[in-house]
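Undergrad: Note that the protein sequences, when read in sequence, are chains U, R, S and G.
Going by my numbering, the residue at position 61 of the first sequence is 61; the numbering climbs one at a time, nothing skipped.
Going by my numbering, the residue at position 68 of the second sequence is 68; the numbering climbs one at a time, nothing skipped.
Going by my numbering, the residue at position 161 of the third sequence is 161; the numbering climbs one at a time, nothing skipped.
Going by my numbering, the residue at position 168 of the fourth sequence is 168; the numbering climbs one at a time, nothing skipped.
Careful: at least some of the hints might be erroneous.
Stated by the list, open to error - Far from chain R, by Cβ distances over 12 angstroms, these chain U residues were calculated:
hint	residue
1	Leu2
2	Met61
3	Ile66
4	Tyr70
5	Arg86
6	Ala210
What the hints assert, rightly or not - On the chain G side, residues computed to face chain S include the following (Cβ under 7 angstroms):
hint	residue
7	Gln52
8	Gly63
9	Ile66
10	Asp178
Because the hints were derived from the structure by calculation, they are not lab data.
Here the structure is a predicted model, which is why all the values come from computation and not from measurement.
Just so you know, even glycine gets a beta-carbon here, dropped at the ideal spot from N, CA and C.
Number of protein chains: 4
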Amino acid sequence: MLEDLKKTTWKLNLELPKNNLITMTSGNVSARDPQTNLVVIKPSGIAYEDLQPEDMIVVNMEGEIIEGTYKPSVDTKTHLYVYRNRPDVHGVVHTHSPYATSFAVIGREIPPVTTVVCDIFGGPVPVGPYARIGGNEIGKAIVEHIGDSTAILLQNHGVFTIGKTAKEAVKAAVVVEDVAKIIHLAQQKGDPIVIPAEEVQREHEFYQTAYGQ
Amino acid sequence: MLEDLKKTTWKLNLELPKNNLITMTSGNVSARDPQTNLVVIKPSGIAYEDLQPEDMIVVNMEGEIIEGTYKPSVDTKTHLYVYRNRPDVHGVVHTHSPYATSFAVIGREIPPVTTVVCDIFGGPVPVGPYARIGGNEIGKAIVEHIGDSTAILLQNHGVFTIGKTAKEAVKAAVVVEDVAKIIHLAQQKGDPIVIPAEEVQREHEFYQTAYGQ
Amino acid sequence: MLEDLKKTTWKLNLELPKNNLITMTSGNVSARDPQTNLVVIKPSGIAYEDLQPEDMIVVNMEGEIIEGTYKPSVDTKTHLYVYRNRPDVHGVVHTHSPYATSFAVIGREIPPVTTVVCDIFGGPVPVGPYARIGGNEIGKAIVEHIGDSTAILLQNHGVFTIGKTAKEAVKAAVVVEDVAKIIHLAQQKGDPIVIPAEEVQREHEFYQTAYGQ
Amino acid sequence: MLEDLKKTTWKLNLELPKNNLITMTSGNVSARDPQTNLVVIKPSGIAYEDLQPEDMIVVNMEGEIIEGTYKPSVDTKTHLYVYRNRPDVHGVVHTHSPYATSFAVIGREIPPVTTVVCDIFGGPVPVGPYARIGGNEIGKAIVEHIGDSTAILLQNHGVFTIGKTAKEAVKAAVVVEDVAKIIHLAQQKGDPIVIPAEEVQREHEFYQTAYGQ
């Protein structure tokens, strides 16, 4: 079932190592099917280079396995909590990408001091509190603190991104690491020049309407 | 039309991901044909790995699409402004390469403290003001502030490079990131030793006449 | 003899360059066969790209070469000391991976300030004293200072990791570099937020039981 | 002529991009033939991916081109000066690798604070003065300041390494960048712990006699 979405989601998972966002088996991408509300997610602890489309797990919104021979990602409850509470979201990504996570380790948001942050996130990338894995705590922290952004840092942990599609969520995961690197490097040398809030907004709107095909 | 220039410009666009200057679909290279004054530029938001020579867009100096099925880069107006005001320029490149952009975030130029900066840029890589995307503002900022350099940082934004050919502009984009990294690392440890201005100039002239075939 | 273990250990050695943990011929992975107590280890100074499964050396617990035409790694005595004193360990890895080694150069442990450190190491990654290569000193330093961790930094030297299998030890080597990078970057920007010791432990236990297949 | 040495030297030049020591066409490796005293060197400004063994230039000790259709590297006089004044040297490498060059920009040597520095260089990697390209000045600076090391930083410029063979010089170029990175990262966090001079020497002698086949 959901063969197309399994293939798409598998391919998007492979974007994580390709973009140097993860090491070994960490990180995961899921996608929610708009028709059935079923979620396709990566199995736990399988090497990306061994991963095949048919290894992807299908779960329902309560986390029951509908299809798949492997155990799903340990972050599955987090993904599902986000989907249940954000009907607009159809893709979720989790990484510990190093520059972005380094902001999370000190509990600091990523400020909108480059045009790309404005373009993609429309404001600062927020940082949520420390939350325990395994239950609904991480999902709650994301939903309560992500606001209008498509990326959030979780304190002492890593990055979650969301999107109207899984592809958009992956793009947000790539971009948040890229801007985290740029802003880290800038902060090492001096104080980033602030972009006024109304300009952040104007730039965001321009990009969201003018960019792409 | 312009099949050769489309192929060359397509190949030069691929140099951006190959040299780790961009993430996802960001960045673009354009080239101006010396005979027709037409400009070949990358389409907006297309993945580099999917890009084909026939996807490149041909526009005239007023930005009208002469050939191509896609929308051109959102930075097209910027490229055209540079071409209209710098008849010597036949290639323009835009990236948000991280080390160079980190200087732009704090509004600081890259000083000529390694021989490579002298060789390629003949002086500091200047930093221009913040300018809005979508109109002529970024083009104006480039033309007014780039001086004799072939690279400029735009505050809170990224990097633009120019060249007598698109190939030269791509080389400048690669080199500006490389020297930005070296000088960033140096500034983290201490004060770069200054190269006297006349030696910067002498080194530049040596390189420009002696290097290459 | 031990053809399967030679092939596995060869493949795991190739994970070191693949994960950017080593340069040139440095680094090594060994594995101990649980049946025979024989150890398979990389030959000294052979380029990874030239290495073949049949080049791997088999030594006994006293360091006598049982099979192999090459000289074994100069770190062989260290690996054997660990195996003799830690019957639970069947894999040892050595690297000078840059971020982790940079902590070793200043004699500082890697604190458990991201969930991944908790997950994999269950506490700080300790740092042992400077010890001379060639005898038992490095092995002793590892065994005395590694405690319950699976990774240790040796002052002014590099990283050793251990595992119930060589695969686990390689995973620890990859992860210790990854978290060293994140925490280095965090410490450049501010003070990492401390995760309380009991939460470090809880997170570790969750991961060790829930993760993977 | 010298077909074997041309092939070897060509292959060693390709190690520079492979190990991320150079960008675009920068950097070069040369080798001196012990029989004829002729030197094989890279042509100037040719892309590494286009370079073929037959493109390598053969020059004599006075810099006259003995074979080759291209112009040799602009650094040829530097290589030849080193060969003329160091009969023990049969390989020279030049790069602007970023971490090592960042030490050169502030005129600071790389201290022997990891065992790898001791192993390969037997002491600090020295830094020589600023010297002009094009004549004998850079060669002189190298010969006068490199001492017993196989690598030297030249102020505001980059790295030169030497070896009994070109392969050894390439290894020194890879290692000097690797240790420069580690020590840069360490110095950002604190003061590297000093290894006593006699231990630096002991470690160096152990490695030089025990390592490899």
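Undergrad: Taking the hints in turn, state whether each one holds.
TA: Here's how the hints hold up against the structure:
no.	hint	in the structure
1	Leu2	holds, 24 angstroms
2	Met61	holds, 30 angstroms
3	Ile66	holds, 31 angstroms
4	Tyr70	holds, 29 angstroms
5	Arg86	holds, 23 angstroms
6	Ala210	violated, 5 angstroms
7	Gln52	violated, 21 angstroms
8	Gly63	violated, 31 angstroms
9	Ile66	violated, 31 angstroms
10	Asp178	holds, 5 angstroms
Hint violations for this structure: numbers 6, 7, 8, 9, all remaining hints satisfied.
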